[in-house]
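2 protein chains.
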Amino acid sequence: MDNLLKEKLEYVHSVLKEARIYGHACNVLSFDMETICPPDGMEEQGEVNAYLENQVFKLLKQDKFIEEAEYLYEHRDELGDFDRACMEVLHRDYAKTKNITPEQNLEFSRIFNKAFVDWTNARKNSDFSLFADSLTKVRDANIKMVELRDKDPETADLTVYDHLIADYERGISSEMLDECFDKCKKRLVPLLKKIQASDKKIRTDFMHREVPIEQQRQMAEYLLEVVKFDMNRGVFSTSEHPFTHWVSKGDTRITTHYYTNDFAASMYSIIHESGHALFEMLQPRENYDHFITDGKTLGMHESVSRMYENRIGRSRSFVSLIYPKTCEIFKEAMEGVTEEEFYEALNVVQPSLIRTESDEFTYTFHIIIRYEIEKEIIGGTLAIEDIPRRWKEKYEEYLGVSPENDREGVMQDVHWSSGFGYFPTYSMGNMYNAMYYNRMKNEIDIDKAILAGDFDTINNWMKDNVFAKADRLSPSEWIKDITGRDFTADDFLDYLEEKYTKIYNL
Amino acid sequence: MDNLLKEKLEYVHSVLKEARIYGHACNVLSFDMETICPPDGMEEQGEVNAYLENQVFKLLKQDKFIEEAEYLYEHRDELGDFDRACMEVLHRDYAKTKNITPEQNLEFSRIFNKAFVDWTNARKNSDFSLFADSLTKVRDANIKMVELRDKDPETADLTVYDHLIADYERGISSEMLDECFDKCKKRLVPLLKKIQASDKKIRTDFMHREVPIEQQRQMAEYLLEVVKFDMNRGVFSTSEHPFTHWVSKGDTRITTHYYTNDFAASMYSIIHESGHALFEMLQPRENYDHFITDGKTLGMHESVSRMYENRIGRSRSFVSLIYPKTCEIFKEAMEGVTEEEFYEALNVVQPSLIRTESDEFTYTFHIIIRYEIEKEIIGGTLAIEDIPRRWKEKYEEYLGVSPENDREGVMQDVHWSSGFGYFPTYSMGNMYNAMYYNRMKNEIDIDKAILAGDFDTINNWMKDNVFAKADRLSPSEWIKDITGRDFTADDFLDYLEEKYTKIYNL
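If you're matching them up, the sequences are chains U and P in order. Take 8 as the starting number for the first sequence in the working numbering and just add one per residue. Take 8 as the starting number for the second sequence in the working numbering and just add one per residue.
Since the hints were derived computationally from the structure, they do not count as laboratory data. Mixed in with the good hints, there may be bad ones.
Pairs involving identical chains hold if they fit within one copy or between any two copies, as the list cannot separate such chains.
In silico DSS-like cross-links for lysine-lysine, where the CA-CA straight-line distance does not exceed 27 Å [what the hints assert, rightly or not]:
| # | residue 1 | residue 2 |
| --- | --- | --- |
| 1 | K256 | K131 |
| 2 | K235 | K131 |
| 3 | K506 | K487 |
| 4 | K105 | K144 |
| 5 | K151 | K121 |
| 6 | K235 | K256 |
| 7 | K192 | K506 |
| 8 | K121 | K65 |
| 9 | K24 | K68 |
| 10 | K192 | K401 |
| 11 | K24 | K65 |
| 12 | K105 | K121 |
If we strip away everything but chain U, and leave its shape as in the complex, we get:
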């Protein structure tokens, strides 16, 4: 690299370093708001967060910064892999933000922050109408943000919704999702009918026995130890909706939510969020030095979290591994429950209302419903106030269940308060991990490792194959790099078919 490039790179890094300071503060502030900030402190803290986010925006909007970053982007082939990835991200972000003024940006931030506060309140009161006004503003802000964007020939013809999807999952369009979800419906709807018609009786009574929070907390600690979550570099806390929050290279946080009548909910949210956390904790150190820790798409992230939660966490061997300790900690609740019964109960197919508590099989329907509703909202064919009605219709159509109130309906998830386009990534995640699980199993004996509690072997494989280049590749490049194959939903659908055919003796 010549001296001129080096100099420019140093300057760009110095600005990114300052931006990271503000980003760090924002990460802590928002973690705080979701875990401990008292009701009357929320609005002011939201304002503080918006202000600091806007400082980042201003730093990256400086003429000199843009000039240097764009210069480096044009010379990206002379840079190393990590620096090139960084300049590509900056270039893409620049196209998104170049026509947005700091005032507009602050206004957008305020809308999202206010929406979070309103969502919290509306959910508590199980009343969508308290959120409708903010959600309208979020939708309009999303549309406005896309309109303001610089389009290149590649993206000029995309719909607004396609832009939003691609913000979370580069290279994915609603055309691809339509095709993928159609395939899912074609194979999963008949399978669901067969499952529902099956004679197989799965015992679930014990799953709703009362379990004190203190026992569940102990279980959470045990599970974190099992998957080798590093407590020096992370913590866990509680929040309304479980999530993972990356704060800094030595600090990745996860949360869970305890329900006294559903001990498995917190167990599996802990495993899910641990997957996200491991992805952050085990990324290459070079990512920090080159400011590309944000390169992972949400689909990639969900692939990892859902692999730990489902492929591993709900596997027969994982249940075998944790069964003794589960019986010890949940002594009363697990009384008289065999290992096989526990495994089956954790995999029972039961159409339900809450996405995060749904089984692995019906989960995809929750995503399809969100996806179809999102598309209508952004496409302008569904008014905000009609969402709860549409929600009901869709749940009845696909799953045969109907929410009694907004809390178990549209208010269940926080995501829309920060915009649209996120939900499909959850399903992409399932499909990615089905693909790379098949590769992993050719290289290591996964079940043997699980049974032995040897998560180092699994985590190291993930680190070397799945985590290593995630921040530098697009999703399609990445999955091809890991598996040698193009993206497909087939592995995932094959997996579901095989697993549930066996459980339900179909």
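Got chain U; can you put chain P on it based on the hints?
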């Protein structure tokens, strides 16, 4: 007020508003570091905190801001009470910071942030030597900061240590403290000897019975309800060392620490910190609008927290009030314990090593020891590495006990990591509250209110008399405003003498 003043005031407020945003973020970041931030995230978060603190520093160092604020200070008699108080604070702060560059200030912040991290680590390892280097830097930074200050004729002759004390408690000098503590020693040393020679047997066996943390958490919730801590405007959490953190007008936080073999420790730290929190929560709304929420001195603050903790919390009537619920929540631990035994156990005099767990009577000795050691450190007659030895000597001399390690010695309190001069304020607090308690008791029947659980009456009296002007007056003006009398230690010493003479049948 004329238009020119109004205009300048508006400008000054706009800068203070921006500074408050950064201050809010710093408050959350440091709360986070004391409650949940994982070990490997601490150092980076300390750096972020220092950077943001420095942004405040820079905002208040702008030429225009200083010019306008100084102009307003010169015209302070034309301003309202709240604005005048604000300009007085700014003027005093300006004298302290005018010769400090942002680079120096950032360096100081880093020293304090690093010292906090080192303290945490040294305490965990019970090894003062891990903290010594940072503490040396803290001492030198303190001295340097005072040297760099602009002195006026009033403060020109003060010693460095006097400056540091006055930073926390305006108008107080080491000469006054020497006199005050001499008086304490003169009356308390012989009284302590009498107590130790007394035949009175106080039962304390049950105080160290094992109590699960979950029960203690329940008790904390009950106590917060009793003293009318507003959970919409505050939260409580846990940390190594209990503290109160003001974040914003709708957000005041307290922490406690649970010890399974000492249930009273968390009970009384909860009451103590609630006192601090009530002081913040019940201050005049005008304080926020005029940016003078920081006007309370630490002595004032400690007077309130220690009034709730001791004068109220350890009174016979308070014990009567909480006894039934205590027996209910701590069923096993309180088995066979009478109300009178509980009261006596909460007031037993027992020379011990840990300040925060010490009894109300010997507490003053802990402060005197810290004070005397501080004075030697800043005066240059005690080397940092000799502190543990000196600590041992003093504890043996005054209390007849000796720490076995640094954790129960010099490492017990966090305060020195942010500088010297704080500790004497704890004792000032006891003396202030003894004075205003005597006034309150002339106006309301305190014991009757406590017995009835009527904390509104007490809190309202405090609000109207103690809290209302605290941010606008110096400690000496304030105590005179409340009580009509000049500061004296006599009320406090009289109170101790009366209470303990009765308990120990002297």
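Right, here's what the structure says about each hint:
Proximity of K256 and K131 under a CA criterion of 27 Å is satisfied inter-copy only: 23 Å between copies versus 34 Å inside one chain copy. For the identical chains of this complex, K235 and K131 are inter-copy neighbours only, at 23 Å across copies versus 34 Å inside a copy, given an alpha-carbon limit of 27 Å. When the C-alpha separation of K506 and K487 is checked against a cutoff of 27 Å, the pair qualifies only within one copy, where the shortest distance is 25 Å, while the shortest distance between copies is 79 Å. For a Cα distance limit of 27 Å, the shortest separation of K105 from K144 inside one copy, 21 Å, qualifies, whereas the shortest one across copies, 46 Å, does not.
In the homo-oligomer, the alpha carbons of K151 and K121 lie at most 27 Å apart inside one protomer (18 Å), although the nearest pairing across protomers, at 44 Å, exceeds that limit. With identical chains, the CA atoms of K235 and K256 are at most 27 Å apart within one copy only, with a shortest distance of 17 Å there and 41 Å across copies. Taking the shortest alpha-carbon separations for K192 and K506, only the intra-copy value of 17 Å comes in at or below 27 Å, while the best inter-copy value is 78 Å. Taking identical chains as interchangeable, the C-alpha atoms of K121 and K65 lie at most 27 Å apart only when both belong to the same chain, with a minimum of 21 Å there against 29 Å between chains.
For a Cα distance limit of 27 Å, the shortest separation of K24 from K68 qualifies both inside one copy, at 15 Å, and across copies, at 24 Å. In this homomeric assembly, K192 and K401 come within 27 Å of each other (Cα to Cα) only inside a single copy, at 13 Å, whereas the closest approach across copies is 78 Å. Taking the shortest Cα distances, K24 and K65 sit within 27 Å of each other both inside one copy (14 Å) and across copies (19 Å). In this assembly of identical chains, K105 and K121 lie within 27 Å of each other by CA distance solely inside one copy; the values are 24 Å within and 39 Å between copies.
Hint check: no violations occur; every hint is consistent with the structure.
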